[in-house]
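Asker: Read off the chains here:
There are 2 protein chains.
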Amino acid sequence: MMTLLVQIKKASLIHALQHVSRAVSVNSPTSVLAGIYLEVKQDELVLMASDASLTIKVALREAAHALRIHRAGRIVVPARYMNEIIRKLSADVITIDMDEPLILRITAADSHVRLCGVGPELFPPMDHREAHPPIKFRINNGVLKASIAQVAASASLSDMRPVLTGVSFDYSQQSLKLMASDGIRLASRTIWTGTNLGPAARIVIPARNLHELSKLLKNDHDETEIAVMNNRVRFTTHELQVESALLDGAFPSLSHVIPRDYLSELFIEKTLLLRAVECVSVFAGDRIIKLEATEGTLALSSRTAEIGDVQDRVPLRTMKGEAFRISVNGRFLIDIIRGVDSERVRLRFTGKTSPLVILPEDEASPMLFLITPIRTHDS
Amino acid sequence: MMTLLVQIKKASLIHALQHVSRAVSVNSPTSVLAGIYLEVKQDELVLMASDASLTIKVALREAAHALRIHRAGRIVVPARYMNEIIRKLSADVITIDMDEPLILRITAADSHVRLCGVGPELFPPMDHREAHPPIKFRINNGVLKASIAQVAASASLSDMRPVLTGVSFDYSQQSLKLMASDGIRLASRTIWTGTNLGPAARIVIPARNLHELSKLLKNDHDETEIAVMNNRVRFTTHELQVESALLDGAFPSLSHVIPRDYLSELFIEKTLLLRAVECVSVFAGDRIIKLEATEGTLALSSRTAEIGDVQDRVPLRTMKGEAFRISVNGRFLIDIIRGVDSERVRLRFTGKTSPLVILPEDEASPMLFLITPIRTHDS
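Residue numbers (the working numbering), protein chains in the order written: chain A, 1 to 379; chain B, 380 to 758.
Treat the hints with care, since some could be wrong.
What the hints assert, rightly or not - Taking lysine-lysine pairs in the DSSO-like style, the calculated list, with each CA pair at most 30 Å apart, reads: (1) B:K524 <-> B:K389; (2) B:K597 <-> B:K524; (3) A:K10 <-> B:K649; (4) A:K270 <-> B:K388; (5) A:K177 <-> A:K145; (6) B:K389 <-> A:K270; (7) A:K215 <-> A:K41; (8) B:K731 <-> B:K556; (9) A:K270 <-> A:K218; (10) A:K145 <-> A:K218; (11) A:K177 <-> A:K352; (12) B:K649 <-> A:K9.
To be verified - Stretch-level coverage of chain A by chain B, calculated; a stretch enters the list once three of its residues show a Cβ under 8 Å from a Cβ in chain B: (13) 74-87; (14) 224-236; (15) 306-320.
Simulated from the structure, these hints should not be mistaken for lab results.
The beta-carbon is built from N, C-alpha and C at its ideal position, and this holds for glycine as well.
Use the sequences and the hints to build the structure in full.
Answerer: As structure tokens, then:
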């Protein structure tokens with residue numbers, strides 16, 4: 001009886017399982033989404049997991065991974081047990097077969113495993129009808145990862161307005177603009193794609209899915225192809241495909257909240273500013289820290305009732321305009337400063353009740369951050 | 380006004396805080412036990428934390444840490460804030476003073492912190508009346524750490540019989556015997572102290588406190604002094620003192636449960652056995668794994684209903700006596716095998732309903748483990 005499906009190196013299988021397992025649904029442990037979809041095709045082994053919003057697929061090609069494919073077959077097995085048992089096998093080569101219906105048999109040296117699965121037809125497929133989507137372009141992985149890190153941190157964590165938990169991708173002509181805002185802070189970055197993307201349009205991708213994608217993009221010199229489909233977006237790089245659902249609802253037009261003018265502008269060493277904001281944030285009751293810029297110095301402070309207070313100061317490189325005092329959420333400011341990729345940070349004060357603008361040193365940078373001040377009784 | 384208490388290197392202070400913070404009470408966040416006791420004495424800075432059962436004290440000597448002590452003083456400050464803020468300061472030297480009652484002032488370069496504390500008189504002191512305890516001996520740190528790792532894992536995790544959550548230290552003449560048992564497994568190891576400890580006696584130390592002690596013993600070539608007091612035990616090594624409450628209640632006499640005879644004895648490579656037990660334990664429903672020894676081979680297996688099953692086998696080095704079959708808790712067996720410090724493990728089968736004995740290869744070893752079999756419907 002020809003039952004053998006495939007022989008595969010343990011290291012290749014573990015690597016693929018680690019990747020797809022990031023999409024395994026943790027909220028529905030009994031559903032098919034708590035499983036890993038496994039399919040042996042003519043010349044590749046496909047592993048896939050999905051939590052309905054995010055789908056991750058790894059296709060191991062026969063030649064690249066020295067697979068020995070004997071027969072096609074497919075099954076969905078429980079992710080937790082599959083991951084644990086493969087790790088515990090001692091042999092370097094693992095044999096996978098299916099000689100009973102819905103049972104995966106795994107053999108490695110003296111270890112014999114029977115793992116009960118469920119039918120693959122219940123597993124949501126990646127949509128092959130949209131294999132030729134209308135919008136398709138490529139971005140360098142390093143740029144994509146940095147942009148996600150900078151922008152996605154400003155997306156909302158609350159489900160009050162679901163569309164704000166996403167990052168807006170605005171494309172038109174050859175530019176792609178990422179933007180996220182939770183109402184208090186805003187981050188945006190423009191990427192030049194080098195491909196004409198046609199008429200202006202916008203999609204909104206859950207920030208959580210972008211964070212997962214970011215962790216999977218290993219080689220910064222590679223490129224990722226982004227394909228925008230009807231209600232989904234697909235990222236493809238080498239053997240890896242990551243597909244995300246899009247968020248419905250109108251993403252607010254935020255260009256009008258970005259101040260054009262400013263009252264003061266100052267430049268500070270990024271590492272000094274970050275360290276001082278982290279320091280005063282330790283004592284920030286309700287996360288409020290106070291910034292006070294005077295000639296030559298930015299003074300930072302915070303207090304927590306009955307615990308204590310802290311004051312710090314950072315020298316300014318330069319300051320144009322008037323002295324000012326403003327209170328902001330310290331935690332949010334830390335995220336923003338971390339995202340600025342230049343040695344010095346440019347801060348623009350635009351008024352007591354309008355956002356503080358944070359920019360890299362280079363005026364031509366495609367990156368911008370805003371943070372709305374908090375009104376306090378003494379400011 | 381002379382208010383300065385002490386100047387200290389940031390690295391020394393962080394190191395001491397990390398040590399004592401392991402004893403900070405997590406269950407009473409508002410009590411004085413959620414704090415760190417800080418005392419500047421004539422020639423040392425003392426830090427201390429306690430959760431009532433465990434107290435950890437670090438005494439930084441002026442000369443060894445290049446302290447600059449200006450004045451004595453003491454206070455208890457909230458551990459969480461103290462730890463966070465010290466880490467975030469940028470300067471290498473930190474100045475600590477108290478110019479307001481119950482407020483610790485911390486200064487480092489441009490950072491100024493005021494941290495509200497409480498009175499030190501509420502903090503439970505280490506007992507100085509017992510500075511000259513009746514029983515006192517020294518053990519090599521490497522031996523002490525290994526012994527704790529081997530024995531304390533067998534202590535009970537349940538509070539049903541509190542005394543079983545501890546490790547019994549039996550001393551008499553020049554030997555110290557550590558023993559722990561949760562009723563299913565038992566571990567014991569004898570240490571030769573080289574000091575006459577006087578008439579036989581026994582104390583029982585909470586396993587949790589021994590685990591914490593073990594993490595703090597860094598240098599395996601050093602020695603720790605153990606002082607047994609009325610209702611406590613104190614471990615001292617260099618600047619570190621760890622004091623543990625003792626457990627009340629009679630620790631059961633367990634020598635009669637250790638089988639003297641056996642029906643079969645086999646030797647197996649430790650790494651192979653550990654790997655196979657870990658492998659079959661993945662599928663062990665109720666943690667039950669089955670062992671079956673026949674000439675030349677130990678077969679291991681387990682199953683979880685509706686998930687699957689796994690079988691593995693390990694070659695035996697030698698086997699004396701009859702073939703046997705027994706079921707045990709796989710998780711417990713893993714802990715035991717990890718504790719055996721020899722290349723080969725000796726397994727002794729003593730009957731279907733009496734404990735499996737696990738020993739190192741060397742018959743003269745001072746180490747012994749037992750695990751009680753589980754009765755299953757097919758064994």
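Asker: Against the earlier hints, flag every one the structure doesn't satisfy and list their numbers going up.
Answerer: Result: hint 14 breaks, nothing else.
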